[in-house]
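Protein chains in written order, with the UniProt record's numbering: chain A, 1 to 386; chain B, 1 to 723.
These are calculated hints, taken from the structure and not from any lab test. For every residue, glycine included, the Cβ atom is placed at its ideal position computed from N, Cα and C. Careful, some of the hints might be misleading.
[Said to hold, decoys possible] Below, in silico cross-link-like pairs of lysine-lysine (DSS-like), each with a Cα-Cα straight-line distance of 27 Å or less:
1. A:K317 x B:K352
2. B:K683 x B:K650
3. B:K375 x B:K331
4. B:K331 x A:K317
5. B:K331 x A:K31
6. A:K317 x B:K340
7. B:K162 x B:K273
8. B:K352 x A:K200
9. A:K77 x B:K96
[Claimed, not checked] Distance windows between CB atoms, simulated:
10. A:A55 x B:V227: 54 to 60 Å
11. A:Q180 x B:T131: 55 to 61 Å
12. A:G37 x B:Q87: 38 to 44 Å
13. A:N73 x B:D163: 14 to 20 Å
14. B:K160 x A:Q234: 28 to 34 Å
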Amino acid sequence: MSSLNLAALNSSTTSASEINVIIDSFIAKLKRRQIQGSYAIALETLQLLKRFISAARWSHVNELISQIRHLANRLEKAQPTAFSCGNVIRRILAILRDEIEEDNNESSASNDPQNATSSSSSTAEPLISSMFNLLQKPEQNLNNSQTKKYKTKTDFRQVAIQGIKDLIDEITNIDEGIQQIAIDLIHDHEILLTPTPDSKTVLKFLIAARERGNRTFTVLVTEGFPTNTSNAHQFAKTLAQHDIETIIIPDSAVFALMSRVGKVIIGARAVFINGGSISSTAGVSSVCECANEFKTPVFAVAGLYKLSPLYPFDQEKFVEFGGSQQILPKTSHNNGTMRLDTINPITDYIPPENINIYITNIGGFNPSFIYRIAWDNYKQVDVQLE
Amino acid sequence: MAGKKNKSNHKNASALNGRKSDVDVDDRLQAIILTDSYETKFMPLTATKPRCLLPLANVPLIEYTLEFLAKSGVDEVYLICSSHASQIDEYIANSKWNLPWSPFKVSTVMSPEARSVGDVMRDLDNRGTITGDFVLISGDVVTNVDFSKMFEFHKKMRSKDKDHISTMCLSRANQFHRTRSLEPACFVLDKDTSRCIYYEDLPTVGSNKKSCLDIDPELLENVDDFVLRNDLIDCRIDICTPHVPPIFQENFDYQTLRSDFVKGVISSDLLGKHIYAYITDEYAVRVESWQTYDTISQDFIGRWCYPLVLDSNMQEDQTYSYDSRHIYKEKDVVLAQSCKIGRNTAIGSGTKIGEATVIENCIIGRNCQIGENIKLSNSFIWDNSVINNNCTIEHSIIATGSEIGQNVTINDGCIIGFDVIIDSDMNIPKGTKISSTPVKYISGGLFDSNLSEDDESDYSDKIEDTEAIKATGLVGYNGVGFVYESDVSDDEDDMSETLKLSNTLAYQMEELCLSDESISSRTKRVKKKRTMSTNSMYTDFEGNDSEEEEEDFEKEGFATIERAIENNHDLDTAMLELNTLRMSMDVTYHEVRTVTVLAILQRVYHFIATQTLGAKEAVQKVFGQWGLLFKRQTFDTEEYIDLMNILLDKVVDQHFEKPDLVLFGALNSLYDNDVLEEDVIYKWWDEVSDDPRYEEAKRLTARWIEWLKTADEESSSEDEDDD
Chain A
1 MSSLNLAALN SSTTSASEIN VIIDSFIAKL KRRQIQGSYA IALETLQLLK RFISAARWSH
61 VNELISQIRH LANRLEKAQP TAFSCGNVIR RILAILRDEI EEDNNESSAS NDPQNATSSS
121 SSTAEPLISS MFNLLQKPEQ NLNNSQTKKY KTKTDFRQVA IQGIKDLIDE ITNIDEGIQQ
181 IAIDLIHDHE ILLTPTPDSK TVLKFLIAAR ERGNRTFTVL VTEGFPTNTS NAHQFAKTLA
241 QHDIETIIIP DSAVFALMSR VGKVIIGARA VFINGGSISS TAGVSSVCEC ANEFKTPVFA
301 VAGLYKLSPL YPFDQEKFVE FGGSQQILPK TSHNNGTMRL DTINPITDYI PPENINIYIT
361 NIGGFNPSFI YRIAWDNYKQ VDVQLE
Chain B
1 MAGKKNKSNH KNASALNGRK SDVDVDDRLQ AIILTDSYET KFMPLTATKP RCLLPLANVP
61 LIEYTLEFLA KSGVDEVYLI CSSHASQIDE YIANSKWNLP WSPFKVSTVM SPEARSVGDV
121 MRDLDNRGTI TGDFVLISGD VVTNVDFSKM FEFHKKMRSK DKDHISTMCL SRANQFHRTR
181 SLEPACFVLD KDTSRCIYYE DLPTVGSNKK SCLDIDPELL ENVDDFVLRN DLIDCRIDIC
241 TPHVPPIFQE NFDYQTLRSD FVKGVISSDL LGKHIYAYIT DEYAVRVESW QTYDTISQDF
301 IGRWCYPLVL DSNMQEDQTY SYDSRHIYKE KDVVLAQSCK IGRNTAIGSG TKIGEATVIE
361 NCIIGRNCQI GENIKLSNSF IWDNSVINNN CTIEHSIIAT GSEIGQNVTI NDGCIIGFDV
421 IIDSDMNIPK GTKISSTPVK YISGGLFDSN LSEDDESDYS DKIEDTEAIK ATGLVGYNGV
481 GFVYESDVSD DEDDMSETLK LSNTLAYQME ELCLSDESIS SRTKRVKKKR TMSTNSMYTD
541 FEGNDSEEEE EDFEKEGFAT IERAIENNHD LDTAMLELNT LRMSMDVTYH EVRTVTVLAI
601 LQRVYHFIAT QTLGAKEAVQ KVFGQWGLLF KRQTFDTEEY IDLMNILLDK VVDQHFEKPD
661 LVLFGALNSL YDNDVLEEDV IYKWWDEVSD DPRYEEAKRL TARWIEWLKT ADEESSSEDE
721 DDD
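Using the sequences and the accompanying hints, generate a full structural model.
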């Protein structure tokens with residue numbers, strides 16, 4: 001009993017050392033891939049960030065920002081292909097930076113004689129000033145913090161935690177926004193093709209079109225060999241249960257059937273600033289290439305939190321590779337002298353020119369417009385976290 | 001989630017801090033890691049470093065086991081350290097597993113006197129560490145098995161079958177798989193419940209024995225369908241209930257986990273305990289020999305163990321990134337412009353690779369200096385090695401800190417030990433093992449602890465006195481290195497070339513392993529070797545004996561008893577024949593006893609060597625039936641003592657693998673059949689117990705006699721009470 005009490009006591013008072021324990025066990029879980037899917041990763045990251053911010057100590061808000069950036073950098077390194085983790089932290093950073101800017105504006109407006117000099121410079125070029133603060137050396141920060149301490153009235157801890165709460169709400173309600181659009185996009189007696197059977201968003205999108213819009217349509221589901229085959233079967237089963245006509249086709253039949261397909265609907269794991277995206281199934285790229293050939297529209301369905309401010313310079317680094325045992329049974333004779341390699345990419349990069357429209361929870365956008373939405377939500381300074 | 005985990009951690013921590021409440025104890029999952037294999041397969045490298053700290057794909061082997069346990073949700077881990085215990089202890093103390101956010105509490109248990117798994121289990125039972133179900137795992141497992149499924153299976157079977165004490169994890173493989181255990185075994189399983197009905201080690205190509213299974217029909221009672229399988233890789237992950245250590249305690253002759261414990265438990269009616277097998281298709285193997293080391297490294301690089309892959313950077317300071325065709329590079333690798341990095345390669349940070357060097361299928365550690373125009377293929381270069389220009393290295397291991405001069409050719413299957421220096425222009429022949437300090441195989445001891453210390457202390461003298469040992473022919477005049485002769489090549493000059501190579505990396509063996517009949521193992525080979533030495537012993541014996549008559553009697557009498565055993569004559573007939581022979585040749589009963597003991601032991605040996613019976617069963621069977629012969633050859637106390645002396649002598653001479661077990665079994669069975677009296681045994685024991693010659697053989701017997709004495713005392717004290 002005493003130990004239970006102790007545990008309860010510990011969880012209520014989060015000390016600095018304990019937050020380190022939590023962070024490190026979270027990093028270990030990311031490395032072991034014990035958390036699966038960008039949705040779960042985004043939510044868990046936000047929970048972690050909430051505890052981190054409530055436990056953090058800082059004398060100036062810039063210290064908090066650099067602490068968060070350090071954390072984000074460590075998390076990104078732990079699993080470089082889990083983009084949603086870095087995305088949500090960058091969103092919170094952007095919220096904080098907006099608040100600082102506003103705060104600076106306010107304090108200059110209040111015309112405090114003591115801080116007139118420092119605040120006037122920041123009001124002149126607010127964006128640059130925040131960057132200067134960022135690059136300041138720690139000792140300068142300390143000096144400034146003395147003067148700025150009583151200047152800042154805003155409770156940044158409150159702002160950040162409120163921001164996290166809002167973001168969690170947004171992520172958990174993402175399907176609502178997307179489903180609204182679904183009804184307008186799918187027509188009666190249309191044939192749809194989806195090559196990403198593991199996407200919950202696509203599934204809900206299709207079911208919403210069937211149930212709310214009462215549309216009758218046919219869905220072709222590619223098999224997604226080898227990683228997603230069981231997912232594909234489950235996906236097709238769920239669709240069929242919702243009274244949607246569903247056909248499972250092998251991955252190789254896509255080109256033959258494309259001429260009859262009205263729309264291709266794909267789920268995205270991450271959307272980059274150039275409008276390209278990473279999908280969670282290998283082979284989606286060739287499906288989209290194929291659709292492009294037949295001028296079939298490709299719709300990519302993604303929540304806003306999947307939007308990443310990164311640019312895919314090295315696409316190979318963003319693609320994840322899975323286990324070989326899924327391709328060949330492990331029992332096969334794999335002699336060192338034999339020149340047999342098995343390579344199993346489990347994600348795929350789709351270039352922006354093969355996607356026609358992104359359907360997000362805040363509306364539909366052209367791939368070439370994605371960068372605008374990204375800069376609405378992220379700050380340029382936070383793209384590189386190192 | 002993270003918070004929850006942390007909470008449970010604290011709970012455990014506080015429970016361990018002395019306030020042990022029973023509520024906590026019950027639901028903790030414990031794991032016992034056997035860091036020592038009690039084998040010498042990785043000699044000469046294991047002379048300076050324990051097997052579990054040897055790097056596999058630049059990560060110490062123990063990390064793979066710990067990683068598996070971390071994923072499994074184990075709460076407490078105990079590492080049993082025997083050889084090089086301090087090194088393991090130090091490693092764990094400085095590792096991430098000892099930090100506050102480690103998923104489990106890790107502690108090292110020193111067990112320096114343990115010489116087998118059985119000893120470890122008895123030690124654990126004495127310490128009382130085990131509180132609930134626990135995972136027994138060896139410290140060299142590489143696996144991605146989903147432990148939760150296995151644990152579920154264990155719990156399901158436990159709720160169905162109250163006698164269930166242990167679940168083994170077996171991984172399916174086809175006959176061509178290279179990681180198939182080199183200790184082939186046959187499992188007989190109940191088809192419905194996958195309860196293990198029978199277990200048997202299979203003979204190997206080296207032994208030239210027919211594989212036959214001798215299943216007691218009683219075992220098959222109540223079994224509808226059963227399957228015989230030899231396609232299973234035994235990866236030594238067991239979930240055991242707390243009943244297991246006491247079983248080892250009761251049966252103090254149990255040494256190995258499988259051939260003694262599993263076989264003993266399931267074929268024993270008295271215990272009535274059951275062992276189940278969990279069969280999985282996931283990747284689960286043990287690094288138990290050089291060949292498996294090679295295969296598992298390649299499999300790991302080839303992502304067969306996903307999600308356990310190199311680029312998930314399990315170690316805190318690792319920075320591997322993945323390129324297609326299975327190339328893994330850490331940060332700060334310097335590659336010359338014209339070097340070629342081929343498929344399945346991993347390169348650690350700080351390594352420099354020179355111009356025109358070609359690398360394929362290699363794992364290269366950190367801070368290695370690889371020169372220009374070098375060909376490296378299928379090799380393992382450990383940290384801080386230096387390889388100079390124009391070398392060719394094929395399918396070898398270059399251990400930490402070694403230096404290879406220019407124009408050196410290292411052929412298939414070589415093992416270059418720690419800090420070995422090889423001079424320029426050398427050619428190292430196939431399958432050579434070189435170490436920087438002289439390491440000798442100590443025959444009889446399957447155990448390599450303290451070996452390094454002994455050698456270290458002798459080293460300074462040796463290097464002056466016996467300069468000849470230094471393998472100048474191989475390492476050159478400026479080189480440092482000694483050839484390690486394994487026990488096999490030491491003792492057996494006529495051993496075929498393939499068998500000599502069988503414990504090396506070399507490729508021949510892998511070809512040999514392709515067929516079902518030809519999977520070889522070292523332990524089995526040892527037995528074969530002993531057949532030969534037995535034969536030679538007989539020749540010696542005959543040659544030494546000067547008296548012609550006696551020599552003749554030796555032959556004739558031996559043949560008589562052998563015939564009797566083989567054709568299953570009854571005792572009277574056998575005794576009659578023997579008596580006739582004795583009288584006609586005019587020899588004493590002493591000779592008759594000697595011959596009888598020899599023939600019976602030969603029979604026992606035959607059983608063990610052909611794998612038809614285990615050592616214990618064989619002794620019991622043969623002595624149970626034919627031990628009665630002694631009743632008619634021995635008549636007074638003196639003669640009984642003489643008989644036991646002969647037995648002790650011959651058992652030691654015969655070179656059994658476990659002389660103590662055979663002697664104990666023989667004496668026990670003679671005692672059970674009332675051939676030997678307690679008083680006689682004590683008298684004999686008083687005479688021989690101080691004799692240092694037979695120390696090894698007497699170990700178990702000593703315990704038996706102790707037991708006899710206490711049993712005696714108890715019964716006598718009871719008698720007194722009755723009075």
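These are the hints, each one checked on the structure:
1. A:K317 x B:K352: holds, 23 Å
2. B:K683 x B:K650: holds, 20 Å
3. B:K375 x B:K331: Cα-Cα ~23 Å, so holds.
4. B:K331 x A:K317: Holds, at roughly 14 Å.
5. B:K331 x A:K31: Holds - the C-alpha atoms of K31 (chain A) and K331 (chain B) are around 18 Å apart, at most 27 Å.
6. A:K317 x B:K340: Satisfied, since the Cα-Cα distance of roughly 20 Å is no more than 27 Å.
7. B:K162 x B:K273: Holds - the C-alpha atoms of K273 (chain B) and K162 (chain B) are around 9 Å apart, at most 27 Å.
8. B:K352 x A:K200: violated, 47 Å
9. A:K77 x B:K96: Measuring from Cα to Cα gives roughly 18 Å; hence the hint holds.
10. A:A55 x B:V227: 54 to 60 Å: holds, 57 Å
11. A:Q180 x B:T131: 55 to 61 Å: At 56 Å between Cβs, range holds.
12. A:G37 x B:Q87: 38 to 44 Å: 41 Å Cβ-Cβ, so the 38 to 44 Å window holds.
13. A:N73 x B:D163: 14 to 20 Å: Violated, at about 55 Å.
14. B:K160 x A:Q234: 28 to 34 Å: Because 30 Å falls inside the window, the suggested range holds.
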